[in-house]
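Asks: Once you've looked at the hints, dock chains Z and E against the given chain A.
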Amino acid sequence: MKGLPPVVITAIVLVLGFALCAMQFPNIASTRVVGNLLTDNAFLGIVATGMTFVIISGGIDLSVGSVIGFTTVFVALAIERWGVPPLVAFVAILVLSAGFGAAMGAVIHVFDLPPFIVTLAGMFLARGASFLLSTESVPISAPIYSTVSDFALRLPGGGRLTAIAIIMLAIVIGGALLLTFTRFGANVYALGGNRVAANLMGVAVGRMTVRIYMLSSLLAGIAGIVFSFYTSAGYSLSAVGVELDTIAAVVIGGTLLTGGQGSVIGTFLGVLIQGLIQTYINFDGTLSSWWTKIATGVLLFAFIALQQALVALARRPVAKSAGAAS
Amino acid sequence: MTALLPRRGLAQILALIVILAVDRVVSPQFFDLRLQDGRLFGSLIDVLNRGTPVALLSLGMVLVIATRGIDLSVGAVMAISGAIAASLADSHGLPVVLAAALGAGLVCGLWNGFLVSVLGMQPIVATLILMVAGRGIAQLITEGRIVTFSSPDLVWLGNGSILGVPVPVAIALGMLILTGAVVRGSALGLLIEATGGNARASELAGVGTRAMILAVYVWCGVCAALAGVIAAADIMGADANNAGLWLELDAILAVVIGGTSLFGGRFSLVLAVLGALIIQTMNTGILLSGYPPEFNLLVKAVVVLTVLLLQSPKLSGFSGIMPPLRRAKA
Amino acid sequence: MEKSPDPAPPLLEVRGISKSFGAVRALQEVDFTLRAGEIHALLGENGAGKSTLIKAITGVFPRDAGVIRISGEEVAPRSAKAALQAGIATVYQEVNLLPNLSVAQNLFLDRQPMRFGIVREGEMRRRAKMLLGGFGLDIDVSAPLGSYSVAVQHVTAIARAVDLSARVLILDEPTASLDRHEVEILFDIMRQLAGRGIGIVFVSHFLDQVYEISDRITVLRNGRLVGERETASLPRLELIRMMLGRELAETTSARAATAEHQAREVCASFEGYGKAGYVAPFNLELRHGEVVGLAGLLGSGRTETARLVFGAERADRGQAKVEGDPIRLLSPRDGVRHGFGYCPEERKTDGIVAELTVRENIVLALQAKRGLHRPLSRREQDEIAGRYVKMLDIRPPDPERPVGLLSGGNQQKVLLARWLATSPRLLVLDEPTRGIDVGAHAEIIRLIRELCDDGLALLVISSELDEIVTYSDRVVVLRDRAHVDELTGEAIDISNILAAIAADSAVVAHEGRA
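Chains as they are written, first to last, in the working numbering: chain A, 1 to 326; chain Z, 1 to 330; chain E, 1 to 514.
Think of the hints as simulated: they come from the structure by calculation, not from any bench.
Glycine included, C-beta positions come from ideal geometry on N, C-alpha and C.
Treat the hints loosely; a few may be bogus.
What the hints assert, rightly or not - Here are some chain A residues the structure puts well away from chain Z; computed CB gaps all over 12 Å: (1) E80; (2) V88; (3) L120; (4) Y230; (5) T292; (6) G297.
What the hints assert, rightly or not - Derived DEER-like restraints, expressed as beta-carbon distance ranges: (7) V67(E) <-> L309(Z): 31 to 37 Å; (8) E136(A) <-> L288(Z): 20 to 26 Å; (9) S289(A) <-> L163(Z): 44 to 50 Å; (10) L245(Z) <-> D325(E): 55 to 61 Å; (11) S377(E) <-> V26(Z): 46 to 52 Å; (12) V110(A) <-> L245(Z): 30 to 36 Å; (13) V26(Z) <-> D382(E): 46 to 52 Å; (14) F181(A) <-> D179(E): 34 to 40 Å; (15) M130(E) <-> P5(A): 24 to 30 Å; (16) R32(A) <-> L309(Z): 51 to 57 Å; (17) G164(Z) <-> D393(E): 57 to 63 Å.
Stated by the list, open to error - Where chain Z lies over chain E, by a calculated footprint (3+ residues, C-beta under 8 Å): (18) 27-33; (19) 321-335; (20) 349-356; (21) 372-380.
In isolation and in its complexed conformation, chain A is listed as follows (with noise of 0.2 Å):
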């Protein structure tokens, strides 16, 4: 009496959606559309594959947006104005990242404070200290930039898939293996079930924040190079309210805000899904993009309604016997 776990729902809405979408518009129904959709969408994929891990864990980071901002500022200047190799930048800024990660994780643990507001510092902190780079978009001309822009395998059907969204596609897969097959993965979920029993079975939860947050940061890292490459830019402004999204999508993936339940493919899922809402506005011409937030607000409801009874109907024979228990 378990039901379907959300994941599958997940899917089962993604495919109804396409089809729909394929219907009106049978254009949709083409690799090209689909390799365009996973290129747009590619930094959102990374940073919420990191994003899953820490919600899993029990916290939630709303730093994600602002470090792809500093991100893509600091690699476009280190390359453009401070001439540093951008290989040398790439690995500067995850290295950057990560620390800054590690550093909110360590603030976490060791002061016990909610991930929420330290995290909504670490958004305050990076946005700002992009401002204070630069505060106007830095165009970046590296030749590794056209040479990455320009790689792409040819799909069957005309599409593309592009360096970027091969990254994509590693790091989900990447993520997913990380959480599902090791033991690292397990203690994510051993934190979001219950920190002080995890703490008591072995798990050292200190080290394990910092790693998690430091994985995000990381995540968002790269994400922000790959939003570079994207957009061939660096702009302190680039990525406002991203975490939005990203939350978003973990949780239309099946993943529990509270922690505990969740897995990478299903937000792999919930980022595709976006994507297509944002592909239907595109094609349809007629509706404004706002759109896009409506729709996402009504999925992140029904999602959450469903997650709600779904737990609700887990704990109910559970609840009986611990009421039994007089």
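Replies: Same frame as chain A, now just chains Z and E:
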């Protein structure tokens, strides 16, 4: 033990004084006030005036947080009510405009409260929905444009003055007094604190916890709508994209600075508003000192961290400086 | 500080351990010695320092002074993990596992069988199945732990601790939520483990179990060591004297069942009252000045009856009446409005509001009853709180202290005060003496009698039959979620209650023990 009461706000008052002093250093005419056309002008008035939206938001937010909740949607609600007010301003009278805008806030609050108290959703999750969708709704109302208006009544609400005091400041003060009278004048305060402290136990003691939770979200929605109307009146227009953007975070920050724990329970209205003023005083100081306004974000980040660390139970040595209102561990 | 003359050092040796929380000295210079292969009971009233000692040994929090040696070697674990590595495993009273993970993951968390950095899921399940098989459990180990009963969860926790090749196994109230059959399985396992040379610290307040299983007993009182004895040579009375520091005689005396009680007026009555799948319809009359005891096994429907009577759960059939008038009970608010009060069993989660003061906790129900618009002034609150702090002897007598800082017994008194302040006509008490020390226990029983003499109607649940026999005018016996018998007057004694519980099942005998 009664000495604890005045000591509670001491840190916040000291912080405000220090920031004011710093502002005085960067801007020697900071405390200057002058009366012009029957309205007071000066940096201090400016702080109060600009601090109004966050102060109003924090009045609702502090009650929500006291019930162990949070309302992420207040910024979006501001956008919605501002859009409604701006759209109606030139065709309807002020009472209609206000009723429609505040009514929208009430409905938003009811929605949030319904999700939290009746469906039992986690507050951060429940209000996230409106946070995401709310701006879309606001844009639906304004049809994606920036709606401007010239209704003198509504403009007065944002720019007029009563006895020399800017109208927004008077409204905020009125709301503080009203909220305080309702909450502390009735048993609401105790029952909200009990609900936030232990909802199950309060329910079994006969407290109508659901009604309590519904009420605070509704009030939070109304406060946010009022803030949205004032913000729209201030700029004589409604911008669905930017009205109230990130202000939910400022409101939460104000409540935290005011010493109310994010884990619910004890709360203080006055200190939450004081928190909003502290934030605005910093903002104004940064502007006056000639730093770019973006610098605000960095300062805010540092303030959030400092306040959190001072309140952290792990730093018990410091906790005397700025104790959270909540003491015992739940 | 004086060295033991044994040539072989004991398995676990604790010397002069101290710990303070602020001004409260939770442990003062406590010594504790555990030998290999022994089962050592650690006893004391609530607040004696048992759990503080355990937590100091296992590094959950740092100690202020003292030395811990394992087989003669000094250890200083700083965390539960470090304690595990030093060979000390603990199973806490509340099952501290992860309901969202599979049983297998729970057993092998942080030590899963690995190959190339990947968890070997199949191998882990196989081992989990084998491990639990040794405990007589044959379940699907890939299902989430939360989908199993509390007993299974508990056995899983113990299995995990045992499998961690611990040399010292600390069991903190392990039997509290197990039935007799499961307790016997656990005891078998404990004896078997002791036979292998593992030292077991057994914390329990079930004295029968202590005498049944333990080799030696260490008693703490008020954070100090009272003594360490051989179980076999320690008479029960002497043990209780060590724990309480006073004679038990004063704590029990039978309620004089007088005929006058039968003549009292009916306060509340329930006819054909029940809820499908919860409790079968029952008839219950509660009279002024009368104590009705609810007796039955765990899960027999006692708490369920109490919740229906109070209004915490909605009945789907039957009629409730107060003083003869029909009423509707849809929520606790209705119950409170009709003058009912309910002290739930789970004080911490369902009773107190920990961070609010004693005063605020006491006036809470009265204020809720009066409604929002009729706030009690601070003066009235002070007066009410002061009155009940004095009347019930709540300690410390400071109404402005957060109630979470009080001991269990005093928290219970605050809850009683909360309801007494509403001048109720009916008070429902669910396990009013559970988990509180024996001193407060006696006071609460005395209070129950006094309240009853003042004309209050009382419905009291307790799993301690001698307690029920002591204060009840009538006893309702429950079995399988139905009311099966009612005893009055002379008929109320333990053997009759047991007989009613047992009626058509032979399981019983042991459950009735106090």
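Asks: Each hint should be assessed against the structure and marked as holding or not.
Replies: Hints versus structure:
1. E80: Fine: 21 Å to the nearest Cβ keeps E80(A) off the interface.
2. V88: Holds, because the least Cβ-Cβ distance between V88(A) and chain Z comes to about 26 Å, which exceeds 12 Å.
3. L120: violated (6 Å)
4. Y230: holds (22 Å)
5. T292: Its Cβ does come within 12 Å of chain Z, the nearest being 7 Å, so this is violated.
6. G297: violated (2 Å)
7. V67(E) <-> L309(Z): 31 to 37 Å: holds (35 Å)
8. E136(A) <-> L288(Z): 20 to 26 Å: With a Cβ separation near 24 Å, E136(A) and L288(Z) satisfy 20 to 26 Å, so the hint holds.
9. S289(A) <-> L163(Z): 44 to 50 Å: With a Cβ separation near 46 Å, S289(A) and L163(Z) satisfy 44 to 50 Å, so the hint holds.
10. L245(Z) <-> D325(E): 55 to 61 Å: holds (58 Å)
11. S377(E) <-> V26(Z): 46 to 52 Å: holds (47 Å)
12. V110(A) <-> L245(Z): 30 to 36 Å: holds (32 Å)
13. V26(Z) <-> D382(E): 46 to 52 Å: Roughly 48 Å apart at Cβ, these two residues keep to the hinted range, so it holds.
14. F181(A) <-> D179(E): 34 to 40 Å: Cβ of F181(A) to Cβ of D179(E): about 38 Å, so the range 34 to 40 Å holds.
15. M130(E) <-> P5(A): 24 to 30 Å: Holds: the Cβ-Cβ distance is about 28 Å, inside 24 to 30 Å.
16. R32(A) <-> L309(Z): 51 to 57 Å: holds (52 Å)
17. G164(Z) <-> D393(E): 57 to 63 Å: Taking Cβ atoms as reference, G164(Z) and D393(E) lie about 59 Å apart, which means the hint holds.
18. 27-33: violated (count 0)
19. 321-335: Coverage by chain Z holds for the stretch 321-335 of chain E (3 residues, Cβ < 8 Å).
20. 349-356: holds (count 8)
21. 372-380: Held - the stretch 372-380 of chain E has 5 residues with a Cβ nearer than 8 Å to chain Z, which meets the minimum of three.
Violation of the numbered hints given earlier is confined to hints 3, 5, 6 and 18; the remaining hints are satisfied by the structure.
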